[in-house]
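All chains should be modelled from the sequences, with the hints used to inform the complete structure.
Going by our numbering, the first residue of the sequence shown is number 1, and it counts up by one from there.
It should be emphasised that the hints constitute simulated quantities derived from the structure, not laboratory data. All residues carry an ideal CB built from backbone N, CA and C; glycine is no exception. Incorrect hints may appear among the rest.
Claimed, not checked - DEER-style ranges, computed between Cβ atoms:
#, residue 1, residue 2, range
1, 15, 154, 37 to 45 Å
2, 134, 67, 15 to 23 Å
3, 15, 153, 39 to 47 Å
4, 41, 80, 31 to 39 Å
5, 93, 47, 25 to 33 Å
6, 146, 77, 15 to 23 Å
7, 147, 65, 31 to 39 Å
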Amino acid sequence: MSAVLDRRTALLPGRFEFLMGLYAENYHRLTRLFAPQQLALGDYVSDVDDGLPVHLVVQECHPYTLELELTYGFVDAQTGRRAPSAQLRVYNDAHVAEALHCHPGRHLWQVLGPFTPAHTVFQHRLQMNSFLARWLEYLAEQGHSSGTLERAVK
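Rendered as C-alpha cells:
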C-alpha cells in the first residue's frame with residue numbers, strides 16, 4: 001500500500017501529457033465540426049443565423065499538415081482584423097491540432113517577448129488551446145458543422 005501512495009503522482013498526467021491530450025481533443029473536435037482535411041485552399045463561412053458567422057480559412061495544405069485560421073465574421077475596430085481569431089496547425093498523421101496563436105498577424109515571440117521563460121510559454125500554449133477547446137465546443141452547440149460550411153463569396 002505504501003508503494004502506491006509513494007507513487008501517487010505517477011497516476012496523474014504531467015503538464016506536457018495534458019497539453020498533448022488537449023491537442024488531440026482539439027483535433028477530434030475540429031475534424032468532427034468542419035472536416036478541414038477534406039477542404040480545398042480558400043475561405044469558408046458557416047452561418048447558423050445567430051448573427052455570428054464563423055470564418056474558416058484553409059491557408060496551406062501539405063501531405064500531413066494544414067494551416068488554418070478560425071475567426072468570427074466581425075471586425076475589431078482597433079486592429080481592423082476579424083476577432084477573435086485563432087491560427088491553427090493540424091497534424092493529420094499525429095491527429096493533433098494546435099492553436100499557434102490567438103493574436104492576428106503576430107507570432108508567439110511577438111506576444112510574449114524574445115526571451116520568455118519556458119514555463120510562461122507553456123502556460124500561454126495551455127491557455128490558447130484551452131480557449132480553442134471551449135470555442136470549438138461552443139460552435140458545435142450553436143449548430144455549426146461541415147453541413148453549414150460554404151465557400152465564401154468574394
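Each hint tested on the structure:
no., hint, in the structure
1, 15 - 154: 37 to 45 Å, "43 Å, holds"
2, 134 - 67: 15 to 23 Å, "22 Å, holds"
3, 15 - 153: 39 to 47 Å, "44 Å, holds"
4, 41 - 80: 31 to 39 Å, "24 Å, violated"
5, 93 - 47: 25 to 33 Å, "32 Å, holds"
6, 146 - 77: 15 to 23 Å, "31 Å, violated"
7, 147 - 65: 31 to 39 Å, "25 Å, violated"
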